[in-house]
Amino acid sequence: MSKIISRRTMLACGLTAVAGAAAVRIAGRYGLIPPDSGGLYGIGETLTYASQRLLIGKHALAREFSRGDVSRVIPVNGPPPEIEAYDRLLVGGFADWRLHVDGMVARPAAFSLADLQKYPAHTQITHQACEEGWSFIAEWTGVRLSHVLDLVQVDPRARYVVFFPFDNFWESIDMIDALHPQTFLAYGLNGRELPPEHGAPLRVRVARQLGYKSVKYLSRVIVTDSLDQFGTGVGGINAEYGYSWWGGI
Amino acid sequence: MQPRRSATVRLTHWMSALGIVALIVSGTAILLAHPRLYWGETGAVGTPALIDLPIPFLLGHSGWGRYLHFLAAWLCLASGVIYVIHGLASGHLRRMQPAYNVAQRYSYLLVVFVLGPLVLLSGLAFSPAIASVAPAIVNMFGGQQSARTIHFFVAAAIVIFVLGHVALAFKGGFRARMRAMISGHEAESS
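Here the protein sequences line up with chains A and B, keeping their order. For the first sequence, the working numbering begins at 1 and goes up steadily by one. For the second sequence, the working numbering begins at 1 and goes up steadily by one.
Each hint should be verified, as a subset may be incorrect.
To be verified - The calculated label-pair distances, taken between Cβ atoms and stated as ranges, are:
1. A:121 / B:89: 50 to 60 Å
2. A:85 / B:55: 50 to 60 Å
3. B:89 / A:190: 48 to 58 Å
4. A:90 / B:51: 51 to 61 Å
5. A:119 / B:55: 42 to 52 Å
6. A:54 / B:142: 21 to 31 Å
7. B:89 / A:76: 49 to 59 Å
8. B:153 / A:106: 49 to 59 Å
Since the hints were made in silico from the structure, they are not lab data. Note that the coordinates shown come from a computational prediction; the quantities given were computed from them, not determined experimentally. Ideal Cβ positions, reconstructed from N, Cα and C, are used throughout, including at glycine.
Just need the whole structure built from these sequences, with the hints factored in.
Printed below as a string of structure tokens:
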């Protein structure tokens, strides 16, 4: 009987293991390891995040559509936060609402809706898909997140931006997507004010990721170099519930 | 007796087998979250479906489903790449098992060179990240929802292939076929 595992196979396995260990070190240095990289699923997740991160780079733009492509049906995923503070702001037309931006920034700030609407407005008609499988195209209006981040002066060591809404939902994206020209804070939908069920007064739009990264009812943005200090360290409530942190696929 | 299948062929066979089973199970878990198929770029409840699959909506299984689906896809991709490179280098693809008839050979080649790449590409087409950098892939399928629908049907074709493949293994003597694909040796009597 011939040996089932030949010397050549063993050598190939050894070389693969060494190359794999080196790849993990390099990937870590270039920010290619997602926060949910632990366990068996983490292997696939890391391969997906690292390869898509390298493939799409900083500049690839999500497709933009024309007004004629806008979907007639925009599904609503759950009601607005049933929290007294939110109800009060809604009744007051969000006049007292503020977006707090802090963390690793030189000038932490609180922005009113009027402040944000004074900045250069950005409109885009993009496709948004839910991880469940449904999707729609809508026209969003708002201010680029990069504009707000420039105002507060982000520390160059920062790596992630964490989004907190009124309820217990939270999410985060890496700095590449945070500074991407199609990542913005939307206050308008299809030419009108953003309605409560779609995240009023302000929601995030991350055009190159699935819908669950686009946090509604935004209240606070924290800039950080590590996600370890937030929740269980996997970068968002979705990842804590077992949904991948990277929403590019 | 000489081994009839190289270690690489046997290894990639079982890598793909494990990967495909995981893809089918996890793909079903993902599909259950929204068992409606559409044509074009968009689709949602409240818009007309191309096909309304007669199965209930079941939320809550696409989290592990998606993690497992992409892990298994990487496993299949790795085995596919190793198999094709080895097959071209060693000549395995040219002189496939003489035990296989023409229909079997063509169905294996169809899975490796047509259905496999097609299921991978159609899956990538409904990734928002890939759609940004390679919109041509989305346009090739006629939109992200069309790509999802095509992904479903190509996956269904692969399931039919797997069922036929396993049925043939049973017909050829299951224990002998398994031994051949695990150790590489044909049994003396089968």
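Going down the list of hints, with the structure as the test:
1. A hinted range of 50 to 60 Å for the beta carbons of residue 121 of chain A and residue 89 of chain B is consistent with their spacing of about 57 Å.
2. Between residue 85 of chain A and residue 55 of chain B the C-beta distance comes to about 41 Å, which lies outside the given range of 50 to 60 Å.
3. Range check, residue 89 of chain B to residue 190 of chain A: Cβ separation about 56 Å, and the 48 to 58 Å hint holds.
4. In this structure the supplied range 51 to 61 Å is violated for residue 90 of chain A paired with residue 51 of chain B, their Cβ-Cβ distance being about 40 Å.
5. Taking 42 to 52 Å as the suggested C-beta distance range, the pair residue 119 of chain A and residue 55 of chain B conforms, at roughly 47 Å.
6. Against the hinted window of 21 to 31 Å, the Cβ-Cβ separation of residue 54 of chain A and residue 142 of chain B comes to about 28 Å, which satisfies the hint.
7. For the pair residue 89 of chain B and residue 76 of chain A, the supplied restraint of 49 to 59 Å holds, since their beta-carbon distance comes to about 55 Å.
8. For the hinted restraint 49 to 59 Å between residue 153 of chain B and residue 106 of chain A, the CB-CB distance of approximately 54 Å keeps it satisfied.
Of the numbered hints given earlier, the model fails hints 2 and 4; all others are met.
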